[in-house]
Amino acid sequence: MEILVCVKRVPDAAENEIVVGAGGADIKREDLVYSVNEWDNYAVEEAVQIVEREGGNVTIVSMGDSEAEEVVRREMAMGAAQGLLLTDAAFDGSDGLGIATILAAAARKGEYDLILTGALADDGAGQVGGMLAALLDWPYASVVNKIETKDGKSLRIGREIEGGTQEISDIETPCVLSIQTGINEPRYVGIRGIRKVASIEIPILDAGALGLDAAAVGAAGANVRRIDYFVPQLGASAEMLEGSIEELAGKLVDLLKAKGGIR
Amino acid sequence: MVHEPFSPATAMLAGMPAKVLFALIPLVGLVCFAWIIARRLAPLLRAAPHPCWQRIPERILLVLKIWLAQWRQPRYMLAGVLHIVVFFGFLILGARSMQLVILGVVDGFVWPGFGGTLGAAYNVVKDFASTAVFVAVAILAVRRAFFKPARYAVPEKYGKDHTPEALFVLGLIATLMISESAFEGSLLAAQGESVTSATVLTLTWGFARTLSGLQTSTLAGINLAAYAIHDLTFFFFLCFLPFGKHFHVITSLFNVFFMRLQTGNIKPVAYGISDAQLDDVKSFGVKEFEDFTWKHMLDFYSCVDCGRCSDRCPANAVGRPLSPRFISIKARDYAFEHYPLFGNAKADAVPLIGGIYSEDEIWSCTTCGACEEECPVGIEYIDKMVDLRRGMVDDGLVPQSLQKPMSALEKRGNPWGKLEKKRAEWTAGVGEGVNVKLVEKGETAETLYFVDSITSYDDRMQKIAQATARILSKGDVDFVVIGKDEKDSGHDVRRFGEEMLFQSLKEQNSEAIRASEARRIVVNDPHAMNALRNDYEDMPPVQHVSEMIALCIENGKLKLNPLADASKTYTYHDPCYLGRHNGTYDSPRQAIDAIPGLKRVEMKGNCRDRSFCCGGGGLMLFYEPEEEQRMGVVRVQQACEAGADVIVTACPYCLTNIEDAIKVAGLEGRMEVLDLVELVDGQLQH
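One line per chain: the protein sequences are A and B, in this order. Sequential numbering of the first sequence, starting at 1, is according to our numbering. Sequential numbering of the second sequence, starting at 1001, is according to our numbering.
One thing to keep in mind: the hints can contain errors.
[Unchecked claim] Lysine to any residue pairs mimicking SDA-like chemistry, simulated, CA-CA at most 25 Å apart:
1. K146(A) - K1411(B)
2. K28(A) - E1440(B)
3. K1411(B) - A13(A)
Treat the hints as calculated values from the structure; they're not laboratory data. Since the structure is predicted, the reported quantities are computational estimates derived from the model, not experimental observations.
Using the sequences and the accompanying hints, generate a full structural model.
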């Protein structure tokens, strides 16, 4: 099976102190360290496991500047044979549809049976996977937490839905799936793993190479523009429960029930 | 010499000279033994290299101490003393057993020089030796069969109970002792000699007395039978040794000779490969059995199955899926199965992880070193754990809980991913009158205080850094802190098998330390101390702050006020990497005892080199083990039982783990834990 996995280089929430920048429309990026978007890491692991089981190839693709190469390489070290970097100044400022358009152009240049994306990334929109499927006119399933390969023409997939319930569906290939964390346990990639794939060449494709009209993507083509970032104000106080341990437990259960935490 | 009335070498057996049989038994026995040993050596020949031929005088000393003097045996008093009796009995009776073998073919054989007084004296000694061994073996058998000490139990997942094998071997030894004594006793009885009072109450004496008066022909029969039984048992036993835990009778001498000479250090990824060449190494660590070094395989063969390692192992004690004893036993069983006595070695090498070991089993080890401290035959475990982890890391098998801190260490140089520029922020809270110099500001000093990650960043542990700075300042130590260019020492990164990340941290730190131009380093974290001392190269001398405090108290630079509240009882918890791995037990105690009015007790049986690990440091803080209880809780309970109200330690990780454990154990308000520097800082005379 030929699998394309789309990955994004994002500031690592665990290893940074995120501060809103002066303009308000972005965060301060000077001291940030970046890594692969966590969901994408699960998508790559899933693709690698499928290929280990069924044969085929995994290709990693990322849209970003030259620094995204490090992320592509790290993900390749998990067991992907190829990487693609989609870089063009014209891509800057793309909205979700713009990113999906660029990725779709890259996907059309290969013969893929399956495209995986992370369920969402740092901006939390979770839109690129669905748009990519629509642009390719392929079937799509979101927040997938289980993939079983069947006869080569379809996949049996599990989706996480409300309340921890799982929905099992069959989906025809080629298709696009957005992957939920927890679908597997991604393998570790250290410095050594990255050095092993250091010599593999990663082709860099720009708008021209992808056959894209530069005006249709990037800030120029964006229909959605970010206006403001702000840190929510801290609530004034917390609610303190009082009473004996039994009373506390009872009150807590009532509260959790009332807020829909438990049924 | 007295003429002997009968001799196995001249006896007839079923119309044939018995000599033929008594020549055949040793011949067949030795051929079988040689074959078995050759097969046992087969995996060692395919193993990874392990240079063991350097520092021979130290190795000889180790053999004299640990093997010959049985140094570690009395740590378990009853079993230890009984083993010493059997061990020395074997050494003494070795000459006699050989003599007996030759007596079967050479009539009246006596070792050169044993004809006169020396021989007579030896005969007395060996009679007592065989009797002592017999008595010891009998006690051991009763102990094994009826008292069943807990540490010999075999949990179900590890297979069948080993008691039958142990009892069988004890039976063989008893048979050897009895047959040798019956042989000698029947001869004495036939010679009609009055049994010398020198051997009174020995087995030989008993046989001679019991048998005296019997007809010579009967005595000749008993003598021949005793001889034959001894001869057969002797060679059977010899060939049986390499099939189980009694292989140690043969291997322990070599195992002790080749054992590790140093503590605290970790073996390189591969011997003979420099750090710079690591990129060319195809596979890291131990993945298959043959990736172990030959010394590590010899360890497996030498395991006595005595259970002392697991008895002292904190991971085993809290129900983690690790028992060091079975790391050895399972690998030994693997070797026996895959390198059979006949036929080729099995080609279907199975990966060790998922085969005989589980991932969690290998991650469960805190590398505290309690097992190695205890092993009476010098088996090492830490290097094996690290090698197995290197293999897992190389294959990407790292628990998710550890991947985040490892990634943060790679990117930010600390496991929490905190900003580099905030590494020295703790200095703001040191207080007035103490100026902490910083290399990042271009300052230098003779002493470098290497703070390491947890003490730099953790709100609670920053207090240790601040107290350390105040004490150093009070002790007139001109010191400097690196600041943003200091990275995690990588101590536990290395021990968790991420060698390349460790190398990267080591390079960055080495450069920063060199740039500081410091001539000595002081640390408060024993892990950092161990890394700088034993993992880094060409570092200035590294001192733990407790050693420095003890020195400053001694030379009068630090003076301590009496304790305000003298009602509390203190105890000291030895951090593994300060105590066991680096031998510093007394300095922290001296520092504590220098506080007037302080009452200190020891956690008897669990202190100094038997200290019980708090739960482990570095990346172990992030690992989520399967366990029934926290190690720290066990430790707090031990302190409680010792009658202590305050636990003093000298390691930020111990402080973290014990502080958490006090809460988990519900002892908040009744027990407290302090770092040594906090205690001393609070009592400084200004």
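Hints and how they fare:
{"no.": "1", "hint": "K146(A) - K1411(B)", "result": "31 Å, violated"}
{"no.": "2", "hint": "K28(A) - E1440(B)", "result": "24 Å, holds"}
{"no.": "3", "hint": "K1411(B) - A13(A)", "result": "13 Å, holds"}
Figure legend: structure checked against the earlier numbered hints; the only hint not met is number 1.
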